[in-house]
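Since each chain sits alone in its own frame, please combine them into the complex, following the hints.
Protein sequences, first through last, are from chains A and B. My numbering runs 229 ahead of the 1-based position in the first sequence. My numbering runs 24 ahead of the 1-based position in the second sequence.
Think of the hints as simulated: they come from the structure by calculation, not from any bench. Warning: the hint list may mix true and false statements.
In silico SDA-like links for lysine to any residue, alpha-carbon gap of 20 Å or less [stated by the list, open to error]:
hint, chain 1, residue 1, chain 2, residue 2
1, A, Lys-277, B, Gly-145
2, A, Lys-325, A, Leu-336
3, A, Lys-525, A, Leu-304
4, A, Lys-239, B, Ser-181
5, B, Lys-32, B, Val-42
6, A, Lys-278, B, Asn-98
7, B, Lys-101, A, Ala-545
8, A, Lys-270, B, Met-138
9, A, Lys-525, B, Ser-109
10, A, Lys-270, B, Ser-109
11, A, Lys-278, B, Asp-115
12, B, Lys-101, A, Gln-241
13, A, Lys-318, A, Arg-297
14, A, Lys-548, B, Asp-95
15, A, Lys-239, B, Lys-101
16, A, Lys-548, B, Asn-98
17, A, Lys-277, B, Ser-109
18, A, Lys-397, A, Glu-453
19, A, Lys-270, B, Arg-94
20, B, Lys-101, A, Arg-244
21, A, Lys-278, B, Thr-117
22, A, Lys-443, A, Gly-395
23, A, Lys-239, B, Glu-198
24, A, Lys-548, B, Leu-105
25, B, Lys-76, B, Phe-114
26, A, Lys-278, B, Arg-94
27, A, Lys-397, A, Asn-520
28, B, Lys-101, A, Phe-240
29, A, Lys-278, B, Phe-114
30, A, Lys-239, B, Glu-102
31, B, Lys-101, A, Glu-257
32, A, Lys-277, B, Asp-115
33, A, Lys-239, B, Thr-189
34, A, Lys-239, B, Asp-190
35, A, Lys-318, A, Arg-334
36, A, Lys-239, A, Gln-547
37, B, Lys-173, B, Thr-196
38, A, Lys-239, B, His-183
39, A, Lys-355, A, His-246
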Amino acid sequence: MMGGKRKSKKFQWSRKHLIGLSDLSRQEIEFILDTAQGFEKFSTRSIKKAPTLRGKVVVNMFFEDSTRTRNSFTLAASRLSADVIEFSKKASAVSKGETLIDTARNLEAMGVDVVVIRHGAGGAPKLLSRSINACVVNAGDGFHEHPTQALLDVYTIRRERGSLEGLKIGIVGDITHSRVARSDIYAMTKLGAEVTLIGPPTLMPGGVGNLPVKISYNLDEVIEDLDVINMLRIQFERMGGNPFPSVREYSHYFGLTADRMKRAKPDIIVMHPGPINRGLEIESEVADGPNSVILKQVANGLAIRMGVLFLVNQAATQKGKEE
Amino acid sequence: METLLNTKQVNEAIREIVKQIKSDIPAHTDIAIIGIRSRGEILAQRLNTTLKGHFSGRLLSGTLDITLYRDDLNEPKETQLAVRSTEIDFDITDKLILLVDDVLHTGRSVRAAMDALTDFGRPRLMRLAVLVDRGHHEYPICADYVGIKTEVDQSRSVHVHFTETDKEDRVTIE
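In isolation and in its complexed conformation, chain B is listed as follows (with noise of 0.2 Å):
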C-alpha cells in the first residue's frame, strides 16, 4: 500500500476542485450537490461547506446509492453489495447539478449515478466533480472538476480515506 495523496494534499486536490467550480460557475446559480455513496457523500459534503458563503442561489444537498442500478448485477462479486437509500428530498428538474465522487475510473459508477439521477427528474445540468480521475476510463465519461489527474495500473485500485469516517484524509493505491 502505498501512499497517492497525503493529509495536505488531499486538502489541496479539494481546493483544487473548489477553484475550477467557481471559475465555471457564476455565483447566482441554484445549485444542488450530489455525493454518490459512500466516499462521494463525504467530498459532496465538504464541497457544500465550502461553496457555500460563494453560491448567493440556493445551495441543495442530496446523496445517491447506485446500487440498483450497476451494470454488473447479474455477475457475480467479491463482496456483498448493500443497498442504501438514496436521499433526495427536492425536485431535480431544472436544477444544476453537481454530481459528486471520489475516484473516477471505469466511468461505471458514474453511468449509474446518471441514470439514478434522471429517475429523479430532469435536470437542467449535469456536471462532475472527482476528488482523483485515475485513467482507465471503460466508458466515454470525463469529469469536470478534477482535483488530481494521474495514471494508476489498471491491476491496483485507489482508495480514499476521509476523517469523517476513516482514520485521517489520504488516498492510498493498494
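This is chain A alone, in the form it adopts within the complex (with noise of 0.2 Å):
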C-alpha cells in the first residue's frame, strides 16, 4: 500500500474535465478508483464531512430525470463541504430559450467552479467544457458516456474480486440506447476484462463490431461462462418502434430470472445501474438475493463521486496557476 503512493507520486492527475471514459488511460481510471477508496469509509464517520472543497462551488445541471446520479453527486459535494446549486430545466431560462452554453456563462459568473451536467444530446459536455473555464463532468450524455456510473461498476466489481483482469463480464439488454453500456465497455475493457454484449439484434447498436468486445444473441448460451452480469433498464422512455414484440417476451429470452441463475456461476456478481423494471429485466428475488451487489454499487458511486470532484478540482488548482 504504502510502496503504491510513492509509485503514484510519479502520476499527475491533469484532467479538470471528466467528458468519458474513452480517451481515459487504464493508469487514470485506476487513480480515480484508488482516490475513491479514500472516500469510502466516510459515511461511518462521526462528522461525515471534510473541509477539502470549502469555499467552491458545484452545479447540478440536469437536463433529464435523474434521482441516484444527482442525488450522488450533492451529497459527494455537500460531504466535501462546497455549495450546491440545484438547476432543472423545468425552473429555469432554458424552458424560455437560454441556450445551455449561455445558462452555463451566467452561472459562470457567478463564480461556479465545476458544472455537473447530464444532456440528452451526446456531446453536451464535450460543448460546454470548450466555453467555459470550470470543471466539467459528465453524468450521462445522450446515448454517449456516462462515466461515473462506469466507474463505480468497476469500483464495485474491484471491491469484490480485487481485479478485473480476464473476468468475463456480460452487459445485457438495451445496448443500443444505453451510454453506461458504452462506457462500462471502455471501463471494463481497459481493466482487462473481456465483456460479452448480450441483446436482441434489434438493441444492438451499428458500429458494435468495432468495439473490443463480443456479441451473443442468446442469455442462455453464455451465462455458465459469466463472472460478473450487469442487466440494463429497457429504456421505454427512449424506444421509437417496436425493438421486442412484447416485455414478457424480452423478460422471457433476456430476463434475468431465478430459474436462469441456477446455470450461472454461484458467485456471479449481479448488477444493475438501476432504476430497475423489476420482473422485466430482472426478478426481484435475483435483485435482492445474495449475489446482487446493487446497493453497494449505489454506496460506491459516492465515492467514486467524491474522488472525481477532488482530483478535477487539484487539477483546475494546478493549471489555473500555470496559465
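Spelled out as C-alpha cells, the structure:
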C-alpha cells in the first residue's frame, strides 16, 4: 500500500473535466478508483464531512430526470463542504429559450467551479467544457457516456474480486440506448476484463463490431461462463418503434430470472445501474438476492463522485496557476 | 544526500520515544496510537509493538490520511496528492490519542491531523510523538515525545526510510 503511494507520486492527474472514459488510460482509471477508496469509509464517521472543497461551488445541471446520480453528486459535493446549486430545466430560463452555453456562462459568472451536467444530447458536456472555464463533469449525455456510473461499476467489481483482469463480464439488454454500456465497455476492457454484449439484434447499435467486445444474441448460451452480469434497464422513454414483440417475450429470453441464475456460476456478481424494472430485465428475487451488489453500487457511487470532484478541482488548481 | 540517522540510530531514537512515553503515561491507561500516513503509520506500528507489554489497558491503533484537510489544497503542487483511506475503527471520544508522525517540520500536517481527528470525535487527551523534530515550525505546534531534535536548514528536506517500505531504517537529508 505504501509502495503504491510512492509510485503514484510520479503520476500526475491533469484533467479538469471528466467527459468520458474512452480517452482515459488504464492508469488514470485506476487512479480514480484508488482515490475513491479513500472516501469509502466516510459514511461511518462521526462527522461525515471534510473541509476539502470549502468555498467551491458545484452546480448540478440536469436536463434529464435523475434521482440516484443527481442526489449522489449533491451529497458528494456537500460532504466535501462545497456549496451546491441545483439547476433544473423546468425551473430555469432554459424553458424561455436560453441556450446551454449562455446558461452555463451565466452560472459561471456567479463563480461556479464545477458544472455537473446531464443532457439528452451526446456531446453536450464536451461542448460545454470548451466554452467555460469551470470544470465539467459528465453525469450522462445522450447515448454517449456516463463515466461515473461505469467507474462505480468497475470499482464495485474490483472491491468484490480484487481485480478485473481476465473476468468475463456480460452486459445484457438495451445496448443501443445505453450510455452506461458504452462507458462500461471502455472501463472494463481497459482494466483487462472480457466483455460480451447480450441482447436482441434490434437493441445492438450499429458499429458495435468496432468495439473490443463479443456479441451474443442468446443469454442462455453464455450465462454459464460469466463472472459478472450487468442487467441494463429497458429504456422505454428512448425507444421509438417496437424493438421487441412484447415485454413478456423480452423477459423470457433476456430477463435474469431465479431459474436462469441456477445455470450461472454460484458466485456470479449481479449488477444493475438502476432504476430497476422489476420482473422485466431482472426478477425481484435475483435483484434482492445474495449475488446482487446493486445497493453496494449506489454506496460506491458516492465515493467515486467525491473522488472525481476532488481530482478535477485539484487539476483546475494546478492549471489555474500555470496559465 | 547525507545520513542524519543510520539504522542503529533510528532504533535508538525509537527507544527514546518509548522511554519518554513510558515515563509520562501511566501503564493502566487506555491508549489509541494513530499514525499519519505514510511513514507515521509505520512508526505507529513499531511503537504499538514495543508498548504492548507496557500498557495494561486497551491499546488501539489506527491510521490517518490527512490529504482532505491540508491547508494547501488551493495551491499548485509539485507532486500529485493521493487520497488514501483513514482506518479508525473505534470511537475516539474520551480516549487518550497518541498521534504519530515521522518528521515534525512546519507543523501543518499536525494541524491537519488534529482537524481530521476531531471530525471523528472528541478525544480526552491528544499527544504527539515524532521521530525527528527538524525545527523551522511555522505553526505553534510542539511534539510531546521526540526521538531526535535537530536543526536542519530550511532549504533541505528530511526523509525517513523504514525497512517495511524502503531498503533499510535510515533518515537522510536531501
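message: Holds or violated: Lys-239(A) and Glu-198(B), Cα atoms, limit 20 Å.
response: holds (18 Å)
query: Does Ala-545(A) lie within 20 Å of Lys-101(B) when you go C-alpha to C-alpha?
result: holds (12 Å)
query: Holds or violated: are the alpha carbons of Lys-443(A) and Gly-395(A) at most 20 Å from each other?
result: Roughly 14 Å separates the two Cα atoms, so the pair holds.
query: Taking only the CA atoms, is the gap from Lys-278(A) to Thr-117(B) under or equal to 20 Å?
result: Holds, because 17 Å separates the two Cα atoms, which is no more than 20 Å.
- prompt: For the pair supplied as a hint, Lys-525(A) and Leu-304(A), is the alpha-carbon distance within the 20 Å limit?
  reply: holds (16 Å)
message: Please verify whether Lys-278(A) and Arg-94(B) have alpha carbons no more than 20 Å apart.
response: Within the cut-off at roughly 14 Å; holds.
message: Between the alpha carbons of Lys-277(A) and Gly-145(B), is the straight-line distance 20 Å or under?
response: With Cα atoms ~11 Å apart, Lys-277(A) and Gly-145(B) stay inside 20 Å; holds.
query: Is Lys-76(B) within 20 Å of Phe-114(B), Cα to Cα?
result: holds (18 Å)
- prompt: Holds or violated: are the alpha carbons of Lys-548(A) and Asn-98(B) at most 20 Å from each other?
  reply: Distance of about 11 Å is within 20 Å: holds.
- prompt: Given the proposed pairing of Lys-278(A) with Phe-114(B), does the C-alpha separation stay at or below 20 Å?
  reply: holds (18 Å)
- request: Would you check the hint for Lys-548(A) and Asp-95(B), treating anything up to 20 Å between C-alpha atoms as holding?
  value: holds (18 Å)
message: So if I understand the rule, the pair passes when the alpha-carbon distance is 20 Å or less; does Lys-355(A) with His-246(A) pass?
response: holds (9 Å)
Checked against the numbered hints above, the structure violates none of them.
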